[in-house]
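S.K.: Start from chain A and add chain B according to the hints.
Okay, here's what each chain looks like letter by letter:
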Amino acid sequence: MSFRLPVTRSLPLLLAGILLAGGVHATEAEHIRASQAWLRVLPGDLPAGAYVTLENTGDQPASLRGAESTNYASVMLHQSSTEGGMGRMNAVDRLVVPAHGKASLAPGGYHLMLMKAASAVKPGDKVKLALVFGDGSKLDVDFLARPANATDIGAGAEHAH
Amino acid sequence: MIRIDSRTKLRRASRLVWLLALILGSLLLVGCNRDESVPWRLTNVTGHMPDLDFKLVDDHGKPVTGQDYRGKVVVLYFGYTHCPDVCPLTLAQLHVVMQRLGPLADGARILFVSVDPARDTPDVMHAYVNAFDPRAVGLSGAPREIEALSKRYRSAFTREPDKGDGQYEVSHSSAIYVFDRDGKARLLATPGNPQDDLVHDLHLLLSMGASS
Numbered sequence: 001m002s003f004r005l006p007v008t009r010s011l012p013l014l015l016a017g018i019l020l021a022g023g024v025h026a027t028e029a030e031h032i033r034a035s036q037a038w039l040r041v042l043p044g045d046l047p048a049g050a051y052v053t054l055e056n057t058g059d060q061p062a063s064l065r066g067a068e069s070t071n072y073a074s075v076m077l078h079q080s081s082t083e084g085g086m087g088r089m090n091a092v093d094r095l096v097v098p099a100h101g102k103a104s105l106a107p108g109g110y111h112l113m114l115m116k117a118a119s120a121v122k123p124g125d126k127v128k129l130a131l132v133f134g135d136g137s138k139l140d141v142d143f144l145a146r147p148a149n150a151t152d153i154g155a156g157a158e159h160a161h
Numbered sequence: 001m002i003r004i005d006s007r008t009k010l011r012r013a014s015r016l017v018w019l020l021a022l023i024l025g026s027l028l029l030v031g032c033n034r035d036e037s038v039p040w041r042l043t044n045v046t047g048h049m050p051d052l053d054f055k056l057v058d059d060h061g062k063p064v065t066g067q068d069y070r071g072k073v074v075v076l077y078f079g080y081t082h083c084p085d086v087c088p089l090t091l092a093q094l095h096v097v098m099q100r101l102g103p104l105a106d107g108a109r110i111l112f113v114s115v116d117p118a119r120d121t122p123d124v125m126h127a128y129v130n131a132f133d134p135r136a137v138g139l140s141g142a143p144r145e146i147e148a149l150s151k152r153y154r155s156a157f158t159r160e161p162d163k164g165d166g167q168y169e170v171s172h173s174s175a176i177y178v179f180d181r182d183g184k185a186r187l188l189a190t191p192g193n194p195q196d197d198l199v200h201d202l203h204l205l206l207s208m209g210a211s212s
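Heads up: the sequence lines are chains A and B, in that order. Using UniProt numbering, read the first sequence as starting at 1 and increasing by one per residue. Using UniProt numbering, read the second sequence as starting at 1 and increasing by one per residue.
Heads up, none of these hints are tricks.
Computed cross-link-like contacts, SDA-like style, restricted to lysine to any residue with a CA-CA straight-line distance of at most 20 Å:
| id | chain 1 | residue 1 | chain 2 | residue 2 |
| --- | --- | --- | --- | --- |
| 1 | A | K116 | B | T121 |
| 2 | A | K138 | A | E68 |
| 3 | B | K163 | A | R94 |
| 4 | B | K163 | A | V92 |
| 5 | B | K163 | A | M76 |
| 6 | A | K116 | A | A73 |
| 7 | A | K116 | B | D165 |
| 8 | B | K72 | B | M49 |
| 9 | A | K122 | B | A127 |
| 10 | A | K116 | B | Q167 |
| 11 | A | K116 | B | D162 |
| 12 | A | K126 | A | G44 |
| 13 | A | K116 | A | S69 |
| 14 | A | K122 | B | H126 |
| 15 | A | K126 | A | A73 |
| 16 | A | K122 | B | N130 |
| 17 | B | K163 | A | R88 |
| 18 | B | K184 | B | A148 |
| 19 | A | K116 | B | A118 |
| 20 | A | K116 | B | G166 |
| 21 | B | K163 | A | N90 |
| 22 | B | K163 | A | M115 |
| 23 | A | K116 | B | D123 |
| 24 | B | K151 | A | R88 |
| 25 | A | K116 | B | R119 |
| 26 | A | K116 | B | K163 |
| 27 | B | K163 | A | A91 |
| 28 | B | K151 | B | G66 |
| 29 | B | K151 | A | M86 |
| 30 | B | K163 | A | G66 |
| 31 | B | K62 | B | H126 |
| 32 | B | K72 | B | D51 |
Treat the hints as calculated values from the structure; they're not laboratory data.
Next comes chain A alone, as it looks inside the complex (with noise of 0.2 Å):
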């Protein structure tokens, strides 16, 4: 007696911790669904700023910590602010997309600066960025190279994933 009552009464629990250990499974990054991914390309070697709109589909938030590229030797998470009339860009630790929720890399605000191009990106060209997420998961995206005077107005940056 004193010796099955506990496993009955821990199988609820046992079944939750089962659950639970199934949610944990799935990574953030496989809840990111990323759409509007580009970038805008600058003369010479200049940094390239990289913006996306990311879709959190999970129940739980995610955050967007950097990415990695094969192309461009350093990536930054950034963010711009005018604030007192004052142009500023200041590094940012991880930008949270909330669960069911979305979060928007786009000029002027939250972008990613992409330098030191290893080979020259041209408007038109795709260039692969892995968004690395706060669980160490990454997504791979294609971000549509666009010419340094294209705004957010008409952008053309079909659905990537």
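M.R.: What follows is chain B alone, placed relative to chain A:
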């Protein structure tokens, strides 16, 4: 007889109405040419900021002064080429503004003044501004001359600490200054102003012609 009389009176009356309308109309026109009644959408700084004046080097390596741009409506913006986000965004928006102005835009010049002359040589500036708009000019020059221009318009910039690999950012004022064809400071725009406002005001300014 009576009929003819009343007709003449009617004619006289209508003439008077026309004359009044003409006077009123011309008064309105005069009013429109006076600055206070121009419906600017951006911040009107007429009379509050000094005329366009500087000694810099253009993106062909040629020494230039503010005088060289008399006869053009000037859109002045401070920035630097190693700025990957806000500067290209502003210049791309100014390019769209110029496109929306159509042939009128030929009467305007975008002057992009570098706050990072150490890295922004005329060659770098030339490739950079031409990637945005054919009416954009890249200005660089001696640090003290850039500082003088920046101070003249109460603008500011600060070089941020080196990130260790020779890379650094420059924080700078995000304002856009608009000068008329006589080099008089007229309007001030910020990134918060809708693009329509810039198009509207530049259209007005370009349609006005030189006042002197």
